[in-house]
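K.L.:
To convert a position in the sequence shown, counted from 1, into my numbering, add 777.
In short, the hints are calculated from the structure, not lab data.
Every value quoted in this text rests on a predicted model; they were computed, and no experiment measured them.
Hints are supplied without guarantee of correctness; some may be wrong.
To be verified - List of simulated lysine-lysine pairs, PhoX-like, C-alpha gap at most 25 Å:
hint : residue 1 : residue 2
1    : K780      : K1110
2    : K966      : K832
3    : K885      : K918
4    : K934      : K955
5    : K966      : K780
6    : K1110     : K885
7    : K800      : K832
8    : K918      : K944
9    : K900      : K833
10   : K800      : K944
11   : K833      : K1050
12   : K944      : K861
13   : K900      : K832
14   : K832      : K1042
15   : K955      : K833
16   : K900      : K1077
To be verified - Computed spacing ranges between beta-carbons, pair by pair:
hint : residue 1 : residue 2 : range
17   : V968      : K1042     : 44 to 52 Å
18   : P1009     : G1160     : 26 to 34 Å
19   : E951      : P1083     : 52 to 60 Å
20   : L844      : R1007     : 33 to 41 Å
In this text, a Cβ means the ideal position worked out from N, Cα and C, and glycines have one as well.
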Amino acid sequence: MGKKVVVIGGGTIGAGVAYYVSKMGNAEVTLVDRDYIGSGNTAAAASLVTLARTKKPIIPLVMETMLAIGEMEALLGEPSGVMKVGSIHVVASDTSEKSVRNLMEIAKEFGLEHEWITAEDIKKRLPWIDISEVRGGAFMKDDCYMESTVLANNFAKAAKLCGATIKQYTNVEEILCKQGSVTGVKTNKGVIDCDVVVDAAGAWSNMLSMQVNEAIPMAPVRSIYWITGRRPGLFNPNQPMAIFPDASAYCRPEGEALLFGIRDKTGLHVDPKALPNSMHGYNMISEDESWDILMNEGEKFQEFFPEFQDMEIAHCISGISTYTPDASLTLGKAKNVEGLYVATGCSGAGVATSGGYGRIIAELIYNIPLFTNIDSFSMERFGNFDPFDAIFRQQCANARSNKKEG
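Assemble the whole structure, with the sequences as input and the hints as a guide.
P.N.:
Structure below.
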């Protein structure tokens, strides 16, 4: 048997890492989660998967996720629940037209199927939208949405078929090191000896890595989305998703309802030390604040959605995303500890990039040439910083507020 690898965190990224490390080599892999697979912030993900992105280094990771989904469907003999409905990037200004036209050039560069569609075409596909200010938009055919918990569990089941051990309800309390190298992890159920630890603990990652003087450049940042009441005929699950760069908003079908998100201008960051062990029942927004964001910061989105004022809002979902100051990713080998790898800081793209995270970490562990360049995801790109510092955390929150893509 080869290396002993412990992956901390059973979300889409951690489970994806466990799958790839299990299938690509002879390591003895243990996937550990303090709760159950897919129970953390994965469960609150909006789960849009958009392929074309202005941050081009992220695209190969999303493409890898789509390949992994097909591979796991064949391996497990069960559907993944992916809804390949495409997405429309809606243009209503000179600024958004320039950015969306640029996105189409990027899509062309990566061989992603896309087309410019008229405002009338958008209205046919999204009957609820007001197109009076809409110039048209870019339709990205291969984009999709899915159930994030299904993806996490499929990764875990596939990892188990490849030989991994899954330990749920097992809380990692400490990364154990000796003379600068990983020797194991201490859990509430005892010590697990290993040569390699992958920190994929999401919002809690720095609480573990900082024990061994490894700062990860990301912070927990609140994410919010809403789900309307059911409106059969107006919404259906086969409608395309939509991105509104002019409104810093996005939406996708949720059955016969609409799931939509608005990126609040003053993002709320959280001190990792103040996070609860479980997100179950942990609400990060009051009802009053939710309505304030909808009525004020969501005003531009409402211009595209004239029935909004009369629409029932059935749910407001708040959760935690892990953002970097540049709204990119964080993954790779730790600087100070031999055998420690980091797979976190996904900037709201954890579901979409989970397969890519998994493949890259596996290639690093097995010393295989990387399938794509990861220099822009380096943990050292921000120099010296304190991940617990409020100013640094605000920079991460600002990155979410300024995000225009899905």
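K.L.:
A separate judgement is required for each hint: does it hold in the structure or not?
P.N.:
Hint by hint, here is what the structure shows:
Restraint check for K780 and K1110: the C-alpha separation of about 16 Å stays at or below 25 Å, so the hint holds. With a C-alpha separation of about 41 Å, the suggested pairing of K966 with K832 is violated against the 25 Å cut-off. A threshold of 25 Å between alpha carbons decides the hint, and for K885 with K918 the separation of about 12 Å falls inside it, so the pair holds. Under the criterion of a C-alpha separation no larger than 25 Å, the hint pairing K934 with K955 is inconsistent with the structure, at around 33 Å.
A distance of roughly 22 Å separates the Cα atoms of K966 and K780; the hinted pair therefore holds under the 25 Å criterion. A hinted pair counts as satisfied when its Cα atoms are at most 25 Å apart, and K1110 with K885 does not qualify at roughly 32 Å. With a C-alpha separation of about 29 Å, the suggested pair K800 and K832 falls outside the 25 Å cut-off, and the hint is violated. For the suggested pair K918 and K944, the alpha carbons sit about 38 Å apart, so the restraint of at most 25 Å is broken.
Pair hint K900 plus K833 does not hold up; C-alpha atoms about 30 Å apart against a cutoff of 25 Å. Between K800 and K944, the direct Cα distance comes to roughly 18 Å. Compliance with the 25 Å bound is thereby established for this hinted pair. With a CA separation close to 33 Å, the supplied pair K833 and K1050 exceeds the 25 Å bound. In summary, the hint linking K944 to K861 is not supported, as the alpha carbons are separated by about 32 Å, beyond the 25 Å threshold.
For the hint pairing K900 with K832, the CA-to-CA distance comes to about 29 Å; that exceeds 25 Å, so the pair is violated. For the hint linking K832 to K1042, the alpha-carbon distance of about 21 Å falls within 25 Å, and the restraint holds. Distance check on the hinted pair: K955 and K833 sit about 39 Å apart at the alpha-carbon level, beyond 25 Å; violated. In summary, the hint linking K900 to K1077 is supported, as the alpha carbons are separated by about 18 Å, within the 25 Å threshold.
Checked against the given bound of 44 to 52 Å, the beta carbons of V968 and K1042, roughly 46 Å apart, stay inside it. Our hint of 26 to 34 Å for P1009 and G1160 is violated, since their Cβ atoms are close to 54 Å apart. Range check, E951 to P1083: about 55 Å between beta-carbon atoms, so the 52 to 60 Å window is met. About 34 Å separates the C-beta atoms of L844 and R1007, a value consistent with the hinted range of 33 to 41 Å.
Checked against the numbered hints given earlier, this structure breaks hints 2, 4, 6, 7, 8, 9, 11, 12, 13, 15 and 18; the rest are met.
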